[in-house]
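Student: Below, each chain spelled out in residue letters.
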Amino acid sequence: MRGEQRLGTPLQAGRQRGSTRPGGHPRRLSSLATRALPSPRLEREGEAPDPRFTFANERTFLAWNRTALALIAAGLAAAQFLHFHLHGLRLLIALPLIVLGAALSIASYRQWLAAERSMRLGQPPPYSAMPQVLALGIAIVAGCGAVLAVIDRIVQ
Amino acid sequence: VSLDEDADPGLAGDRTQLAWSRSALNLSANGLLIARAALEANLVAFAISATAVTAAAALLIWHRAELLTPGRRRPLPGPHHQQLALFSLAALTVVTAAGACAIAVW
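Residue numbers (the numbering used here), protein chains in the order written: chain A, 1 to 156; chain B, 1 to 106.
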């Protein structure tokens, strides 16, 4: 047991209150993340949850962030490889995808923070509109792509 | 908190580590796509910047994955470190999106 708590056992609240800094990050750098959002530091709120739940929340954030990166890559590919007869039409597909990716990345970080906070406070997980926004965004871009393809065909 | 293999039958640490690796690959692919497009447009400084962002992301992700390695003797980092890592990844993604926008418009 090595004198440390194992996964699956309740954590003592004082263990992760920032008394030690195992990662060894300078305080100035690490406070940047918390200053970016108008919220108090996480370790001051509630009690540390089971690490498995924290890891699950982290993986969910990473999955959303990969989705955001995939949207950015798709937008970049649209800008690079789509060729319409009307100049600039490809931007109507590329830019919304890239902007949606950036927005999704910010939203996923906020969602992770909200979920982490609710876990620490023992509250139910927060509602997220990200799946609906993503589905709607992709549907709109796909619809625009189809319309632009028809317009490009007519112009040709 | 430790991450002993016998105390973590669900391999949460391993799965999180792999998730970070997949994110690293995604971010690297985006950075290289932007760098390639920038080089084609003769924007050498832009390409170098994109590569630097990719390298920064790789360093961040390597550091986070190393901390999550199962069986390590040191304790897991606290929520502050986790928050910094996730914020940095989100920020790098937004920077990547800005670079992609610039290249697309160019």
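Among these hints, one or two may not hold up.
What the hints assert, rightly or not - Here are a few chain A residues that sit away from chain B, every Cβ distance over 12 Å (derived from the structure): (1) Ala77; (2) Ala78; (3) Ser128; (4) Cys144; (5) Ile154.
Said to hold, decoys possible - Residues from chain A shown here face chain B by an in silico Cβ test under 7 Å; the list is partial: (6) Leu42; (7) Phe53; (8) Arg59; (9) Arg66; (10) Leu69; (11) Gln80; (12) Leu82; (13) His85; (14) Ala94; (15) Gly101; (16) Ala102; (17) Trp112; (18) Ala114; (19) Pro126; (20) Tyr127.
Keep in mind the hints are simulated off the structure, nothing from the lab.
Even glycine gets a Cβ: it sits at the ideal position worked out from N, Cα and C.
Student: For serine 128 of chain A, is the shortest beta carbon distance to chain B beyond 12 Å?
Tutor: Holds: least Cβ distance 15 Å, greater than 12 Å.
Student: Is it correct that the beta-carbon of isoleucine 154 of chain A has no partner in chain B closer than or equal to 12 Å?
Tutor: holds (24 Å)
Student: Should the interface hint for leucine 82 of chain A be scored as holding, given a Cβ-Cβ cut-off of 7 Å against chain B?
Tutor: At 10 Å from the nearest chain B Cβ, leucine 82 of chain A fails the 7 Å test, so the hint is violated.
Student: Per the CB criterion, is alanine 102 of chain A less than 7 Å away from chain B?
Tutor: Cβ of alanine 102 of chain A sits 4 Å from chain B, so the hint holds.
Student: Please confirm whether cysteine 144 of chain A is truly not at the interface, meaning its C-beta sits more than 12 Å away from all C-beta atoms of chain B.
Tutor: holds (15 Å)
Student: Checking hints one by one. Is glutamine 80 of chain A an interface residue toward chain B, by the C-beta closer than 7 Å rule?
Tutor: holds (6 Å)
Student: Does arginine 66 of chain A pass the interface check with chain B, least Cβ-Cβ distance below 7 Å?
Tutor: holds (5 Å)
Student: Minimum C-beta separation from alanine 78 of chain A to chain B exceeding 12 Å: can you confirm that?
Tutor: violated (8 Å)
Student: Restraint: proline 126 of chain A near chain B, CB-CB cut 7 Å. Satisfied or not?
Tutor: Not OK, violated: proline 126 of chain A not within 7 Å of chain B, min 16 Å.
Student: Quick check on the hint: tryptophan 112 of chain A CB to chain B CB, less than 7 Å?
Tutor: Result: holds, 6 Å to nearest chain B Cβ.
Student: Go through the hint on glycine 101 of chain A and say holds or violated, using the shortest Cβ distance to chain B against 7 Å.
Tutor: Holds - the Cβ of glycine 101 of chain A comes within 7 Å of chain B, reaching about 5 Å at its closest.
Student: Min Cβ distance, phenylalanine 53 of chain A to chain B: is it shorter than 7 Å?
Tutor: violated (9 Å)
Of the hints listed earlier, those the structure fails to meet are numbers 1, 2, 7, 12, 13, 18, 19, 20, in rising order.
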